[in-house]
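There are 2 protein chains.
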Amino acid sequence: MKKIKTYEIRHEIGIKATSKLVYQALTDIKMLSNWWTSDTRGTSKVGNFLEFWFVDFCQKFEVIELKQNQFVHWKCADKGLEDWEETEIRFSLRSDEKQCFVNFIHSGWQDNTGLYPHCSTKWAVFLLSLKEFLETGRGRPFPHDLAVNHN
Amino acid sequence: MKKIKTYEIRHEIGIKATSKLVYQALTDIKMLSNWWTSDTRGTSKVGNFLEFWFVDFCQKFEVIELKQNQFVHWKCADKGLEDWEETEIRFSLRSDEKQCFVNFIHSGWQDNTGLYPHCSTKWAVFLLSLKEFLETGRGRPFPHDLAVNHN
Chain A
980 MKKIKTYEIR HEIGIKATSK LVYQALTDIK MLSNWWTSDT RGTSKVGNFL
1030 EFWFVDFCQK FEVIELKQNQ FVHWKCADKG LEDWEETEIR FSLRSDEKQC
1080 FVNFIHSGWQ DNTGLYPHCS TKWAVFLLSL KEFLETGRGR PFPHDLAVNH
1130 N
Chain B
980 MKKIKTYEIR HEIGIKATSK LVYQALTDIK MLSNWWTSDT RGTSKVGNFL
1030 EFWFVDFCQK FEVIELKQNQ FVHWKCADKG LEDWEETEIR FSLRSDEKQC
1080 FVNFIHSGWQ DNTGLYPHCS TKWAVFLLSL KEFLETGRGR PFPHDLAVNH
1130 N
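So the protein sequences, as listed, match chains A and B. Under the numbering used here, the first residue of the first sequence is numbered 980, with each subsequent residue one higher. Under the numbering used here, the first residue of the second sequence is numbered 980, with each subsequent residue one higher.
Treat the hints with care, as some may be off.
[To be verified] Derived lysine to aspartate or glutamate pairs resembling DMTMM-like cross-links, with alpha carbons at most 25 angstroms apart:
| # | chain 1 | residue 1 | chain 2 | residue 2 |
| --- | --- | --- | --- | --- |
| 1 | A | K1046 | A | E1030 |
| 2 | A | K984 | B | E1041 |
| 3 | B | K984 | B | E1041 |
| 4 | B | K1054 | A | D1090 |
| 5 | B | K995 | A | D1124 |
| 6 | A | K984 | B | D1062 |
Worth flagging that the hints you see were computed from the coordinates, not collected in a lab. All of these numbers come straight from a predicted model, not from anything done at the bench.
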């Protein structure tokens, strides 16, 4: 079936850190576990898989492309949310004299209702957790993440 | 000139408050000033204007539609960011036994690069400020808002 239109979630944050450190926080398993979910598994190499566990639920990604200190690209793999099937995540880094900007894109959504608005807000929360982790040494990964509702 | 495609920012939060209270926080000037910007002026009546001041910068909206305890719709007026020209903001409320959900749409963007990703993140921050204000009595309106970069 041909896809007529897809939707993207986009965010941007500026982190007082080098692009090298930000890149590490997007590729090193131990550092990833400090801002998205505490239970992160796998190896960040192109063609390999990353698993982000939320108790007994796993969101799995294939690592599609890596450009050191510049770009990280994942694609959703078999496990995970139905709404996230075929979606992709890209982090693009660029630095100025004050900070490293992280430009975030979660693309390939078939719909921008349903889970989309919730995930849009939640991605902001996790990107702010990434910022906090790199600037203060302490992020807010799941299960310590900021709640955006009372579900 | 015909617009080919426009983009939307979407978010959703769940607030432990009645839809009546959430609606007030979106329509009462004093309550609005507790979560977006401390300097909010105008009157929330259909056809009237709201002004959100950030020191000497003003973002102005016309109130397009109001449905008590359900829906608020604004349209950008003459002043403000160029990227926000012709854009519109809609808040839709729905409650379940635990909370009032606020579904937020900022539509009519001509582009989803430029300011869009920054504003997407920043809207999440202000919606979380709205949630905090209604749940704890204290929001984080500008100039006390959470910074998402170091500009």
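Hints, one by one, checked against the model:
For the hint linking K1046 of chain A to E1030 of chain A, the alpha-carbon distance of about 20 angstroms falls within 25 angstroms, and the restraint holds. With a C-alpha separation of about 31 angstroms, the suggested pairing of K984 of chain A with E1041 of chain B is violated against the 25 angstroms cut-off. With a CA separation close to 23 angstroms, the supplied pair K984 of chain B and E1041 of chain B stays within the 25 angstroms bound. At most 25 angstroms may separate the alpha-carbon atoms for a hinted pair to count; K1054 of chain B and D1090 of chain A meet this at roughly 24 angstroms.
For the given pair, K995 of chain B sits about 18 angstroms from D1124 of chain A by alpha-carbon distance, which is consistent with the 25 angstroms threshold. With a CA separation close to 23 angstroms, the supplied pair K984 of chain A and D1062 of chain B stays within the 25 angstroms bound.
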